[in-house]
Amino acid sequence: GNSVTQMEGPVTLSEEAFLTINCTYTATGYPSLFWYVQYPGEGLQLLLKATKADDKGSNKGFEATYRKETTSFHLEKGSVQVSDSAVYFCALSDGIGGGADGLTFGKGTHLIIQP
Amino acid sequence: EAQVTQNPRYLITVTGKKLTVTCSQNMNHEYMSWYRQDPGLGLRQIYYSMNVEVTDKGDVPEGYKVSRKEKRNFPLILESPSPNQTSLYFCASSPGPLSYEQYFGPGTRLTVT
Numbered sequence: 007g008n009s010v011t012q013m014e015g016p017v018t019l020s021e022e023a024f025l026t027i028n029c030t031y032t033a034t035g036y037p038s039l040f041w042y043v044q045y046p047g048e049g050l051q052l053l054l055k056a057t058k059a060d061d062k063g064s065n066k067g068f069e070a071t072y073r074k075e076t077t078s079f080h081l082e083k084g085s086v087q088v089s090d091s092a093v094y095f096c097a098l099s100d101g102i103g104g105g106a107d108g109l110t111f112g113k114g115t116h117l118i119i120q121p
Numbered sequence: 112e113a114q115v116t117q118n119p120r121y122l123i124t125v126t127g128k129k130l131t132v133t134c135s136q137n138m139n140h141e142y143m144s145w146y147r148q149d150p151g152l153g154l155r156q157i158y159y160s161m162n163v164e165v166t167d168k169g170d171v172p173e174g175y176k177v178s179r180k181e182k183r184n185f186p187l188i189l190e191s192p193s194p195n196q197t198s199l200y201f202c203a204s205s206p207g208p209l210s211y212e213q214y215f216g217p218g219t220r221l222t223v224t
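Same order as they appear, the protein sequences are chains A and B. Heads up, the first sequence is in this note's numbering, so the first residue is 7 and it goes up one at a time. Heads up, the second sequence is in this note's numbering, so the first residue is 112 and it goes up one at a time.
Simulated from the structure, these hints should not be mistaken for lab results. These figures come from a predicted structure and were not determined experimentally. There could be a bad hint or two in this list.
With a Cα cut of at most 20 Å, we get these calculated SDA-like pairs of lysine to any residue [unchecked claim]:
#1 Lys113/A - Val93/A
#2 Lys66/A - Tyr214/B
#3 Lys58/A - Pro208/B
#4 Lys113/A - Gly169/B
#5 Lys113/A - Val171/B
If we strip away everything but chain B, and leave its shape as in the complex, we get (with noise of 0.2 Å):
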């Protein structure tokens, strides 16, 4: 089955904490994105992809990082973790050149305390 899976689905975690949220997909798609989802600010980029080794910030990237080591995975990492950055997060691909879908995974809910 083609998707996007994320991991961990839910994690609550303290202030300064390193922690990783994986992303995997399965289609071969090129681009791949990170976005945050906040109640009445919609969803926003924090970083994308175009291929490996390539990453771009988008709209709020601060307090992020991201790697593609290899085609199918885009990790999010946050090195030290703040309350404003609790969140839902979202993984999504994209085939590339001028396909302008996104395909999401079901979601990382993030509580930093």
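Chain A extracted, bound-state conformation (with noise of 0.2 Å):
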């Protein structure tokens, strides 16, 4: 079956250190590779996407990276914000079924920013 793992945390960083959050995964198929981002109190936020190997999704800052040789899809950002301070989510679709049957996640990584 699918199955994301991902660093649990937590993670401690400075404002303006460099981040990386690992993910890799196990699927079938020709997954989708996403990261949700979990603010407290609130539900998951798509952060970015790719759909494809050696796609590279980007929003806020944040990159990654398809590397399907490696079945990694790693979030980095060059320097971290004190309201970067979240829980961060690896998933996949891996398409069969249309994607009707939702994401597969990692547990999630909790990551604390300090100024």
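Please dock the two separately framed chains into a single complex, following the hints provided.
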């Protein structure tokens, strides 16, 4: 079956530090890959996505590249801010069933940015 | 505003007392899902629906029921809640075939004592 593995944290960084959150996956078919962000007390919001190998998703200074050879989709940001403190989820959809059966999520990485 | 709404946002109940959590979306999405979020386990899908009157089990369906009588609504029913169903529940919707993004509601925190 499908699975997503990511560091759970908490990951604590100082403001303006470089961020990497690792994500690796196993899947059947040709998955689409996502990063979602959950701010305290809120639902999940789509941060970025990539639908095929070598695609780079980007949004709000975050980037992730779909690496089929290493089955990875690591999230990066060059300079984090206190407002980036949240829980980040890596997820995939293998496309089987046309996407109706939803996403497979990692366990989430709690990111804490200190001023 | 395009959104997924859930009610109630917070609920404390007792073992065995039937409850329903409502979910509604105003984006005319075909697909809808329910997830539960638990510490250390991430999000796990409970049920999903591909269209009106079409539902199917996700990864953790035991103890839950759903219905999809209208396209916009997808209620989650716990007929006899138990303490192990204490969790944070999210409803999500997706436009339809080959659109894999999910749009999430704000969550319902359920405590069963």
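Results of checking the hints against the structure:
1. Lys113/A - Val93/A: Judged against 20 Å, a Cα distance of about 10 Å means the pair holds.
2. Lys66/A - Tyr214/B: Status holds; Cα separation ~18 Å.
3. Lys58/A - Pro208/B: 17 Å, holds
4. Lys113/A - Gly169/B: 17 Å, holds
5. Lys113/A - Val171/B: Since the Cα atoms of Lys113/A and Val171/B sit roughly 16 Å apart, the hinted pair holds (cutoff 20 Å).
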